[in-house]
Amino acid sequence: MENVKSIRFKLVDILYILGAIVPFVMVMALKIILNVPGESISDNIAGAMIYFQIPMPLQNLPITEAQVNSVAVIVSIFFLCLYFTHGLSVKANLKRQLIAEWIVKTTQGLVETNMGSFFKGYAPFIAAIMGISAFSSLMALLGVFAPTSDINIVAGWAILTFALITYYKLKGGVFNYLKGFLEPIFVMAPLNVLGEVATPVSMAFRHYGNVLSGSVISVLIAAALQGVSSIVLGWLPGFLGDIPFLQIGLPAVLSVYFDIFSGCMQAYIFAMLTMLNISGNFPQEEYEKRLLKKQAKKAKKIKNI
Amino acid sequence: MALAIGIILGCCALGAGICMGIGAVGPGIGEGNAVSKACEAIGRQPEAKGDVTSTMIMGCAIAETTGIYSLVVAILLIFVAPSTFIGILEKTVKTLSESGIKL
Numbered sequence: 001m002e003n004v005k006s007i008r009f010k011l012v013d014i015l016y017i018l019g020a021i022v023p024f025v026m027v028m029a030l031k032i033i034l035n036v037p038g039e040s041i042s043d044n045i046a047g048a049m050i051y052f053q054i055p056m057p058l059q060n061l062p063i064t065e066a067q068v069n070s071v072a073v074i075v076s077i078f079f080l081c082l083y084f085t086h087g088l089s090v091k092a093n094l095k096r097q098l099i100a101e102w103i104v105k106t107t108q109g110l111v112e113t114n115m116g117s118f119f120k121g122y123a124p125f126i127a128a129i130m131g132i133s134a135f136s137s138l139m140a141l142l143g144v145f146a147p148t149s150d151i152n153i154v155a156g157w158a159i160l161t162f163a164l165i166t167y168y169k170l171k172g173g174v175f176n177y178l179k180g181f182l183e184p185i186f187v188m189a190p191l192n193v194l195g196e197v198a199t200p201v202s203m204a205f206r207h208y209g210n211v212l213s214g215s216v217i218s219v220l221i222a223a224a225l226q227g228v229s230s231i232v233l234g235w236l237p238g239f240l241g242d243i244p245f246l247q248i249g250l251p252a253v254l255s256v257y258f259d260i261f262s263g264c265m266q267a268y269i270f271a272m273l274t275m276l277n278i279s280g281n282f283p284q285e286e287y288e289k290r291l292l293k294k295q296a297k298k299a300k301k302i303k304n305i
Numbered sequence: 001m002a003l004a005i006g007i008i009l010g011c012c013a014l015g016a017g018i019c020m021g022i023g024a025v026g027p028g029i030g031e032g033n034a035v036s037k038a039c040e041a042i043g044r045q046p047e048a049k050g051d052v053t054s055t056m057i058m059g060c061a062i063a064e065t066t067g068i069y070s071l072v073v074a075i076l077l078i079f080v081a082p083s084t085f086i087g088i089l090e091k092t093v094k095t096l097s098e099s100g101i102k103l
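Protein sequence lines correspond, in order, to chains A and B.
Take 1 as the starting number for the first sequence in the working numbering and just add one per residue.
Take 1 as the starting number for the second sequence in the working numbering and just add one per residue.
The following block holds chain A by itself, in its conformation from the complex (with noise of 0.2 Å):
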């Protein structure tokens, strides 16, 4: 077991925390390096900025900054991850594995209680994405495109999802699978195969447009504390008149809505949503009944030889 006064542990430990905080701090500085700020109301609430694009045979790909944070956010969890469970042992000395243990245990205890034992091994899974959720949305705190208001981003994550409901589905049999989309009757096939593709549209479009709506908003009512401010203290001389003093404190009540509750509740809402779709569509009978078929269908293999 390593010591854990010793220097090395301790520098290994500063190195883990600078490689969580480096990331936030090259998007701001590439952030504020390359944006030039907009005059208008509508320049602020334009979507992601292009940073460059790699050429491409069909279309030129985009690399735009809301896929640089979102990197940036996947390189920060994962050392803080690393920083969490260093120094672990048996009996807890340090306070970090406490939190670890907190972390582990509440996930696989909300797993385990909304999708079943069969899922057990989805905590990771579910952490995962409930930690890269929360940390986009809250890098809105720190004045950068938070990656969450991005649809592309929330999009891929729904699409996982929905690639791994399609393959808990087919668990069932692809014969099954295949004839739940003629259920009640035949003629309700296209409404069953609109219904299926709507579960990760509605998905991304849920967590898109809240975090969205936030930044919108907020972007709106400084503007408009910022014209309020101007009225009142306008006839001032100088640089006077042109302080928004408005636009101190009243903003940061609203961001303590609508980027921190906001976005956690996101967050949490779609870990929930991700569980109760991967798990309800689960066919767990005729999963079952397959297992057993195929393991009388394997002993019975065995006895012919």
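Incorrect hints may appear among the rest.
Claimed, not checked - Listed below are several chain A residues computed to face chain B (Cβ distance under 7 Å; list not exhaustive):
(1) A198
(2) V201
(3) S202
(4) F205
(5) R206
(6) S213
(7) M272
As the list claims (entries may be wrong) - The calculated DSSO-like cross-link candidates involving lysine-lysine, where the alpha carbons are at most 30 Å apart (straight line), are:
(8) A/K294 to A/K171
(9) A/K120 to B/K49
(10) A/K297 to A/K171
(11) B/K49 to A/K105
(12) A/K91 to A/K105
(13) A/K179 to A/K169
For the record, the hints were derived by calculation from the structure and aren't laboratory data.
Ideal Cβ positions, reconstructed from N, Cα and C, are used throughout, including at glycine.
Got chain A; can you put chain B on it based on the hints?
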């Protein structure tokens, strides 16, 4: 041409306002219902407060979906649609004048 562009811009703004205004009614009523029922449930069974609250928040999030759709449509109407529609208009005018039809 200027008149046509003005009509397009005005209709986009009007459409966004109507979309958001009508689209917000449904989720508002639905969420109000959900919260009132949750309050009743907590009043009847105060010990189940945690479960009721988390279920209510999930339900609210799902009821909100239609409102979010209308929000997305409104944002598209304000920021994306005008330039697209004006582009279509200019293209049509160009092809019409090339084929000899006078407007």
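Measuring from the C-beta of A/V201 to each C-beta in chain B, is the shortest one below 7 Å? violated, 9 Å
Run the distance test for B/K49 versus A/K105: straight-line Cα separation, threshold 30 Å. holds, 22 Å
Classify the hint on A/A198 as holds or violated, based on whether any CB of chain B lies nearer than 7 Å to its CB. Because about 10 Å separates A/A198 from the closest Cβ in chain B, which is outside the 7 Å limit, the hint is violated.
Regarding the pair A/K91 and A/K105, is the alpha-carbon distance no greater than 30 Å? holds, 16 Å
Double-check A/M272 for me: the hint is only fine if its C-beta lies closer than 7 Å to a C-beta in chain B. holds, 6 Å
Hint check: A/K179 vs A/K169, CA-CA at most 30 Å. Holds or violated? holds, 12 Å
With a cut-off of 7 Å, does the beta carbon of A/R206 approach a beta carbon of chain B closely enough for the hint to hold? holds, 5 Å
Is the hinted pair A/K120 and B/K49 satisfied, with a Cα-Cα distance of at most 30 Å? With a Cα-Cα distance of about 27 Å, the restraint between A/K120 and B/K49 holds, given a limit of 30 Å.
Regarding the pair A/K294 and A/K171, is the alpha-carbon distance no greater than 30 Å? Cα-Cα ~13 Å, so holds.
Are the Cα atoms of A/K297 and A/K171 separated by 30 Å or less? holds, 18 Å
Does A/F205 meet its interface restraint, that is, does its C-beta lie within less than 7 Å of any C-beta in chain B? holds, 6 Å
A/S213 as chain B interface residue, shortest Cβ-Cβ below 7 Å: Where the cut-off is 7 Å and the nearest Cβ of chain B is about 6 Å from A/S213, the hint holds.
Of the hints listed earlier, those the structure fails to meet are numbers 1, 2, in rising order.
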